[in-house]
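K.L.:
If you want the building blocks of each chain, they are given just below.
Number of protein chains: 2
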Amino acid sequence: MTRFVDVPALTQLLQRKGVAPFMKDLADCLREDFLRWEDFDKSARVASHSEVGVIELMPVADDRLFAFKYVNGHPRNTAAGLPTVMAFGVLADVATGVPRLLSELTILTAIRTAAMSALAARRLARAQSRVMAIIGNGAQSEFQAIAFRDLVGIRELRLFDVDAAATAKLAANLVGQGLKVTICSGTADAVRGADIVTTLTADKQLATIITPAMIEPGMHLNAVGGDCPGKTELDRGVLEGAAVFVEYEPQSRIEGEIQQMAADFEVTEFWRVLTGEKPGRTSAAQVTVFDSVGFALEDFSALHFARDAAAELDIGSIIELVPRSTDPKNLFGALGIEAPAGAARKVPTPAGANLAHFG
Amino acid sequence: MTRFVDVPALTQLLQRKGVAPFMKDLADCLREDFLRWEDFDKSARVASHSEVGVIELMPVADDRLFAFKYVNGHPRNTAAGLPTVMAFGVLADVATGVPRLLSELTILTAIRTAAMSALAARRLARAQSRVMAIIGNGAQSEFQAIAFRDLVGIRELRLFDVDAAATAKLAANLVGQGLKVTICSGTADAVRGADIVTTLTADKQLATIITPAMIEPGMHLNAVGGDCPGKTELDRGVLEGAAVFVEYEPQSRIEGEIQQMAADFEVTEFWRVLTGEKPGRTSAAQVTVFDSVGFALEDFSALHFARDAAAELDIGSIIELVPRSTDPKNLFGALGIEAPAGAARKVPTPAGANLAHFG
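Chains as they are written, first to last, in our numbering: chain A, 4 to 362; chain B, 4 to 362.
Derived from the structure by calculation, the hints contain no laboratory data.
Quick caveat, the model's predicted, so the values are computed rather than measured.
Among the hints, a few may not be true.
Any copy will do: because identical chains look the same in the list, a pair fits if it lies in one copy or spans two.
Mimicking SDA-like on lysine to any residue, the simulated pairs with C-alpha atoms at most 20 Å apart in a straight line are [as the list claims (entries may be wrong)]:
1) K27 - L338
2) K27 - L316
3) K183 - R126
4) K20 - V270
5) K281 - A130
6) K27 - R239
7) K20 - I340
8) K20 - A337
9) K183 - E252
10) K20 - S46
11) K20 - G339
12) K20 - L338
13) K27 - I340
14) K27 - K45
15) K27 - A312
16) K20 - G336
Let the sequences and hints guide you as you build the complete structure.
P.N.:
Written out as structure tokens, the structure reads:
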């Protein structure tokens, strides 16, 4: 009834299909869903903020499927050996409300984000882009590197992270992946000469990772790390000098890099570029920015793609998250609870005597 | 890390603890949470409506725990042998975002609703109430009967449902429960002489199950079935002649019986009665109405109560819904995916050649 793809099951799915082919096929799936953008009931995420982080619910639906994602953002979790971002999601039938898939989305989010970034860069970066700087070498960086290798044609990476161990980890994980890797001494050094700059920093703060002085004509910026109120990576001057593309404008105005800009700062929703309604890059010298915050539709795509892949390989388990009732009106009977012998004796004293209990 | 209480596990929990004691203890838990009402970050549910039903997400949090519930409402599901309402929920730590419990909430919702109804009736119905009419004898009716028996002192039930089979099912399930059961020929017949009238009808429409002519002085109405826009059970004349109590006013104005009334129609949030800030019933002749729609805080209570009970009896299973990563920055490494032998050969042709693929 409901398929459950937990972390080990998703790992098995990625091992069986391969991370690179999985992301390539998912990118096709994302593209197909973004092309039918107007079929979806889109609403901004519901966020519950605390002093140390945020927990969000991101719902989206078309006329057949309802999906939502649970995701947290807790920058200090790393110190406790926990991921800063953890997620899971559900896909349900609109016609009956039956949940069809429960899946981990922590790994899947990193993968759909990388696939989405590469899909956008295919339209926004210069066609012959070969060199990419990756600023922030944490959990998402390997997936971005592989997606840009296979979907954009990136051959050389220039890495920087304030945490040298993170950069060493990324470089080690990329050995044998057919990418030339250079470890850089700072952001400016890494960005210099890059065709594409991907920012994946995680601090929940208004940061200025990329300044106008670092920008070169024709660069494409894939700004992934700034994705909630009070969290940005680009100097506003960078945005002022670029053509900025977003996923869902109402959400990006609140959560994206453009939260720094006036409400009338011009942006283009990326789906309009896919449909051909709006142009993408208009010249080789233009600076383009994909101000990515992660939109529920991307999780919708990831969930139904994962559901089909898991079903095809019969990965995961079938769980009874909701009752498989033969008589929906007899929830009680289905519990198989016998009437207590001498139940009458078990009936407590009258209400009056119990009032104190509820005082 | 995350405990999973599926339908069989919750059934086992109820069999081990007993439905009646479970509801009695849950009512205490509900009362404690309602007494600290102002500690909670309350938001109305997020609803996704379709022609045949609705799917909702109901979030609520205090400074320690975040909870949400997924619940659908599809009246026509019964014809397909599916419950009209199915639900599950999650409890997570606000400090880290780690999900601690995933639980079925279909059965648990019927139980928390009955416990909440009884908790309200303890304060709003006449102290010596002994006779209850139950209009609508579906999935929730047994739980309401047992909760009112143990928490309010009800000894006699008068049953009616347009579906005689549902009434027969309820009567059969209540054999040996120490309750005198009378099957009635209609709503007016069932309501006549009752101290408390519980309405549990399920049609998604503006219905008039209870009319002013049926009301007797001193009656308490436990109106549970009307719980979404366009779904009511009471004639507005009944509300005009009664003191009306609700869970969370902003939500009840949209979803409750009071959706029929003017925005300034006076209602009292029940928590204010529990704290003593507002009076409950003020005379033996007064007609009181608990206009119950089901509020997220009730699921919050049900979830942490179920979590503790399941942990105590070690019921359910531990699942890996999110990664137990030792190095949160190395999601990729944790996948255990080896670099492909001769990965370089696998690198596809440059972007230019692939553009057609992304058209």
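K.L.:
Indicate, hint by hint, whether the structure satisfies it.
P.N.:
The hints, checked one at a time:
1. In this assembly of identical chains, K27 and L338 lie within 20 Å of each other by CA distance solely across copies; the values are 18 Å between and 46 Å within a copy.
2. With identical chains, the CA atoms of K27 and L316 are at most 20 Å apart within one copy only, with a shortest distance of 18 Å there and 46 Å across copies.
3. Taking the shortest alpha-carbon separations for K183 and R126, neither the intra-copy value of 24 Å nor the inter-copy value of 73 Å comes in at or below 20 Å.
4. With identical chains, the CA atoms of K20 and V270 are never at most 20 Å apart, being 36 Å at best within one copy and 58 Å at best between copies.
5. For the homomeric pair K281 and A130, the shortest alpha-carbon distance inside one copy (18 Å) is at most 20 Å, but the shortest distance between copies (69 Å) is not.
6. Within a single copy, K27 and R239 get their C-alpha atoms no closer than 33 Å, and across copies no closer than 58 Å, so neither meets the 20 Å cut-off.
7. Proximity of K20 to I340 under the C-alpha cut-off of 20 Å is restricted to the inter-copy arrangement: shortest distance 11 Å between copies versus 46 Å within a copy.
8. In this homomeric assembly, K20 and A337 come within 20 Å of each other (Cα to Cα) only across copies, at 16 Å, whereas the closest approach inside a single copy is 40 Å.
9. For a Cα distance limit of 20 Å, the shortest separation of K183 from E252 qualifies neither inside one copy, at 36 Å, nor across copies, at 61 Å.
10. Taking the closest pair of Cα atoms, K20 and S46 never come within 20 Å of each other, the shortest separation being 32 Å inside a single copy and 41 Å across copies.
11. Taking identical chains as interchangeable, the C-alpha atoms of K20 and G339 lie at most 20 Å apart only when they sit on different chains, with a minimum of 13 Å there against 43 Å within one chain.
12. With identical chains, the CA atoms of K20 and L338 are at most 20 Å apart between copies only, with a shortest distance of 13 Å across copies and 41 Å within one.
13. Proximity of K27 and I340 under a CA criterion of 20 Å is satisfied inter-copy only: 17 Å between copies versus 51 Å inside one chain copy.
14. Taking identical chains as interchangeable, the C-alpha atoms of K27 and K45 are never at most 20 Å apart, the minima being 25 Å within one chain and 41 Å between chains.
15. Only within a single protomer do K27 and A312 lie at most 20 Å apart by alpha-carbon distance; the minimum there is 13 Å, versus 45 Å between protomers.
16. In this assembly of identical chains, the alpha carbons of K20 and G336 lie at most 20 Å apart only when taken from different copies (17 Å versus 44 Å within one copy).
Hint compliance for this structure: hints 3, 4, 6, 9, 10, 14 are not met, and every other hint is.
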